[in-house]
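Peer 1: These are the residues of each chain, in order.
4 protein chains.
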Amino acid sequence: MNTKRSFGILAMLLAGLFCALPTQAAVLRDSLHSDILGVNKYYSVYLPPSFKQDAQAHFPILYLLHGLTDNDRAWTEKGQMERVLDELIGCGEIPPMVVIMPNAGERDTRNIQSGYFNMPGWRYEDFFFTELLPAVEAKYRAGGSKEQRAVAGLSMGGGGSVGYAMAHPDLFAACYAMSAWLDSERHDNAEPTDKMALLMNAVNDHNPMKLLEKADDRQLTAIRSVRWYIDCGDDDFLLEQNVQLMLQMRKSKVAHQLRVRDGSHNWEYWHNALRLCLPFVSRAMGR
Amino acid sequence: MNTKRSFGILAMLLAGLFCALPTQAAVLRDSLHSDILGVNKYYSVYLPPSFKQDAQAHFPILYLLHGLTDNDRAWTEKGQMERVLDELIGCGEIPPMVVIMPNAGERDTRNIQSGYFNMPGWRYEDFFFTELLPAVEAKYRAGGSKEQRAVAGLSMGGGGSVGYAMAHPDLFAACYAMSAWLDSERHDNAEPTDKMALLMNAVNDHNPMKLLEKADDRQLTAIRSVRWYIDCGDDDFLLEQNVQLMLQMRKSKVAHQLRVRDGSHNWEYWHNALRLCLPFVSRAMGR
Amino acid sequence: MNTKRSFGILAMLLAGLFCALPTQAAVLRDSLHSDILGVNKYYSVYLPPSFKQDAQAHFPILYLLHGLTDNDRAWTEKGQMERVLDELIGCGEIPPMVVIMPNAGERDTRNIQSGYFNMPGWRYEDFFFTELLPAVEAKYRAGGSKEQRAVAGLSMGGGGSVGYAMAHPDLFAACYAMSAWLDSERHDNAEPTDKMALLMNAVNDHNPMKLLEKADDRQLTAIRSVRWYIDCGDDDFLLEQNVQLMLQMRKSKVAHQLRVRDGSHNWEYWHNALRLCLPFVSRAMGR
Amino acid sequence: MNTKRSFGILAMLLAGLFCALPTQAAVLRDSLHSDILGVNKYYSVYLPPSFKQDAQAHFPILYLLHGLTDNDRAWTEKGQMERVLDELIGCGEIPPMVVIMPNAGERDTRNIQSGYFNMPGWRYEDFFFTELLPAVEAKYRAGGSKEQRAVAGLSMGGGGSVGYAMAHPDLFAACYAMSAWLDSERHDNAEPTDKMALLMNAVNDHNPMKLLEKADDRQLTAIRSVRWYIDCGDDDFLLEQNVQLMLQMRKSKVAHQLRVRDGSHNWEYWHNALRLCLPFVSRAMGR
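Here the protein sequences line up with chains F, D, A and P, keeping their order.
For the first sequence, our numbering begins at 3 and goes up steadily by one.
For the second sequence, our numbering begins at 3 and goes up steadily by one.
For the third sequence, our numbering begins at 3 and goes up steadily by one.
For the fourth sequence, our numbering begins at 3 and goes up steadily by one.
Be aware that one or more of the hints could be misleading.
Result set (EDC-like, lysine to aspartate or glutamate): computed pairs, CA atoms no more than 20 Å apart in a straight line [unchecked claim]:
#1 LYS255/F x GLU84/A
#2 LYS253/A x GLU79/F
#3 LYS80/F x ASP37/D
#4 LYS253/D x ASP236/P
#5 LYS212/A x GLU242/F
#6 LYS212/D x GLU242/P
#7 LYS253/F x ASP236/A
#8 LYS255/F x ASP264/A
#9 LYS212/F x GLU242/A
#10 LYS80/P x GLU79/A
#11 LYS80/D x GLU79/F
#12 LYS141/D x ASP32/D
#13 LYS253/P x ASP236/D
#14 LYS253/P x ASP219/D
#15 LYS255/A x GLU79/F
#16 LYS255/P x ASP264/D
#17 LYS80/D x GLU242/F
#18 LYS255/P x ASP236/D
#19 LYS255/A x ASP236/F
#20 LYS80/A x GLU84/P
#21 LYS253/D x GLU242/P
#22 LYS255/D x ASP264/P
#23 LYS255/F x GLU242/A
#24 LYS141/D x ASP37/D
#25 LYS255/D x GLU242/P
#26 LYS80/F x GLU84/D
#27 LYS255/P x ASP172/D
#28 LYS255/D x GLU187/P
#29 LYS80/P x GLU84/A
#30 LYS80/F x GLU79/D
#31 LYS253/A x ASP236/F
#32 LYS80/A x GLU79/P
#33 LYS253/F x GLU242/A
To be clear, the hints were calculated from the coordinates, so they are not data collected in a lab.
Go ahead and model the full structure; you've got the sequences and the hints to work with.
Peer 2: Shown next, in the form of structure tokens:
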């Protein structure tokens, strides 16, 4: 028995199991200090294989937003996002891209503070556009223009992605909303410590159906320059809101894709959503 | 501000996030003592929602086998199998079923011992059919006949599932092989401590292409009573072996399904394979 | 040159091209005299391969309804329905079934008379349930009970299928509505010669949203015994109506599947819908 | 009753049924005289909506080849190709493109003459590259370079597309072969009137497996510059040949996509293949 030989075959098998895709894609966690929020904010990053291979290359960028009660690690730890990225880049269905997963809700059991919009004591939207976005696009050689930038997200992050692209249509080529949380009750006398009430008010303030209804022609023209995609499961408790957005977009003549697939408000749905999201935003960014 | 009210809404949102599918499906780990192997063997179990709801119900059973270097937890921890089961049972695409994930390779860094076949010092196939199978089918009110039993697996477990269904066609209604490891070099003078060489010899001994070639009419008739499905990625290093099995099945007139999808030897492929596997084995068991 | 040999190969190639699926499925057109309508009515029939092979076999039945301006030949001539049936039966995804395509609108350029409901001068629903259904189920050894009967259709036929299953929930195991026409304006003073106005009134009378809203508990219990599937394209001009049906079904706690796929009100959508429809109704009929 | 009103609604319904996609895509048949073949040759053309709308626009081009016993009308009359083009262009999954469907086998009951390669009395490949290609690319403002040109086909046309892209890798960005006929027996003493034998010899001469085996490094480098896709059904009688091509491409290190989907040698398979083919060749042409 040639032991070396059997170890050689073992190596091949293990390589097959662990390294079948000879990718050098990287998922890492980084952070920056936010003067606006007064804290250090983490974010997760997906870097495609070619990022290391070609130090001059510049990439399209996708901001991929998590939901309530989660943080920047959710898309990798629960959503296995890197598996879909690796496969679709590997077979050429999408070009290499950088994905930034911000943290809009580091979970804190005593006092949940989260949300993508500005609210009392939490100017997250300001942080996102004036601190996070320029920093990561410079550091990771990505984005830099509307044509090279897209936003997507799930649940609270789905609402965040719609809100961001509605308010900044000049910054995003595409928006893909998964199971989006688009509206909420108001709590007009919410106390400053009632973080959940403040969040709900912020969501209510950014209701995209109302925003579209009030938009003037100049705003609508800008909003129509974004490629929109609404994706929500037929068993999702937020389906009504997503259907309302579609109905209002029809009225406001904002072209969009809508998909209602089988499923509920869960990671099986969102993991699969990436297979639709990534080619869609890639085509929009490639124009 | 009515704090109770906002907490009520928070509860609904959290319920939406965490409990969207009001399933009581359970994934648990169980074990039994094996006289044959001389050790306690773990296995993982998926129980459908109706298992608890109806204490009299009896279920079809699927044995779902892991690959080399993994153990019984791989399908849940890396494969997120319960997410697909929950969804497909939830929408009615498959009936409730019990899934047993055996452990054919508790990883041991000093001396890997694994494999689904009998080999010197490791009579796993005997353990599987005479100890594990009767115990779990009694305990979990499942299986009990060919018409209510199927086997599937990935890589080494794909080869195991084909080997089991070839050797025991009277016991399985269907076999679904994912990225199956079906052949290996021989090491005729392998030392008893060279576990990897022993495993490769066992795989070689159970090469299903050779088995089909030598099979007599009676054996072929039995083998044709199983529903076969071969599923392997176009970038998989084991694709050649799987294609060889298809070619031999054509020669031996053993009807089968073959799919070559985009992908490699990885969990993204196998997770998606479950969406094909579960309806296929369900239809075969339902006949 | 051996001419016979090359002709032999030619034969194989032609066989490959024309007869690759060695099916004996048949699509034929039949008719029966209707006392109710006072005319001879055509219908098209799909018979699975096993219909001829086994003269004792009994089959599940699907009624597949065409849209406005079409007739019973639309599903074969424009929808290529037999291609999907042949494939899904061939690979075992669905059991053999008989499909009846009735004619609710033999096109007549002078005076279009069509529609699945009773209306002045056109008691089509009566014809369907008391003349057509018993005749074809006897003649083609199919259906015979709720558990073996389903209805599906497109556009006007989608509305027809929903209307039939709402009014006769004891007769259908499943209903699959494609791009369904579910509501229309009323024309209360429509003249007897204004066939289109009569049709719109009939559609309005059978609005399933209103029907559900008014339904009592007994009716709702019966309606819930049907498996419902709503399928409508995101660019369809009837999407709003289909979304209204979903919203009302949620309110009335009628479980259903909803899919909004890419597409419009056209045959590419409906041909693909069959790939979802046939497994769905098969599972419902198989229970 | 307002008759005008009901006619207005009828118009809307009919518009919905017939013109749901407000496309101006056109499918037409054109012809050119071939000095090489000594006959007038027909071909079919798909022109995207923007062809008429923008008289200056230039388009990528796809050559889509039919199979034995068919002609240039097969892809529209049996394959409904325009339905898939309209939908994928409509939703932005592919850019507008011109599709040319040549005629390599006008059926003639007395004496079938067909095939994409040069053979005695039938210099079709010469006709294709020196007469057809320059003429249609000038007339329909399309193609003009490797980066804007792709070839695809089914059965005999699948073999033709592989043969063309192997022999002219500098002319095609991508090749998508469906159920390709890649090899045949030889008939060395075939008489000039035995057209089928001549065709089989031509197919045998262009066997891409042998071509790859013999190719030198310069040729392989050129061949690797084409994006290859092999797509063949698991019940296809030509699957073995397609698997052989994959195996040889692995040996020759020619990157490719392979898919084995459910199905046989028929139009259901090829119609669905377009949904994979069109995005694939579009991405390759867009680079």
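Peer 1: Does each hint fit the structure? Answer for all of them.
Peer 2: Results for each hint:
no.	hint	in the structure
1	LYS255/F x GLU84/A	violated, 38 Å
2	LYS253/A x GLU79/F	violated, 36 Å
3	LYS80/F x ASP37/D	violated, 39 Å
4	LYS253/D x ASP236/P	holds, 14 Å
5	LYS212/A x GLU242/F	holds, 19 Å
6	LYS212/D x GLU242/P	holds, 19 Å
7	LYS253/F x ASP236/A	holds, 14 Å
8	LYS255/F x ASP264/A	holds, 18 Å
9	LYS212/F x GLU242/A	holds, 19 Å
10	LYS80/P x GLU79/A	holds, 10 Å
11	LYS80/D x GLU79/F	holds, 10 Å
12	LYS141/D x ASP32/D	holds, 11 Å
13	LYS253/P x ASP236/D	holds, 14 Å
14	LYS253/P x ASP219/D	violated, 36 Å
15	LYS255/A x GLU79/F	violated, 35 Å
16	LYS255/P x ASP264/D	holds, 18 Å
17	LYS80/D x GLU242/F	violated, 33 Å
18	LYS255/P x ASP236/D	holds, 14 Å
19	LYS255/A x ASP236/F	holds, 14 Å
20	LYS80/A x GLU84/P	holds, 13 Å
21	LYS253/D x GLU242/P	holds, 11 Å
22	LYS255/D x ASP264/P	holds, 18 Å
23	LYS255/F x GLU242/A	holds, 15 Å
24	LYS141/D x ASP37/D	holds, 18 Å
25	LYS255/D x GLU242/P	holds, 15 Å
26	LYS80/F x GLU84/D	holds, 13 Å
27	LYS255/P x ASP172/D	violated, 43 Å
28	LYS255/D x GLU187/P	violated, 24 Å
29	LYS80/P x GLU84/A	holds, 13 Å
30	LYS80/F x GLU79/D	holds, 10 Å
31	LYS253/A x ASP236/F	holds, 14 Å
32	LYS80/A x GLU79/P	holds, 10 Å
33	LYS253/F x GLU242/A	holds, 11 Å
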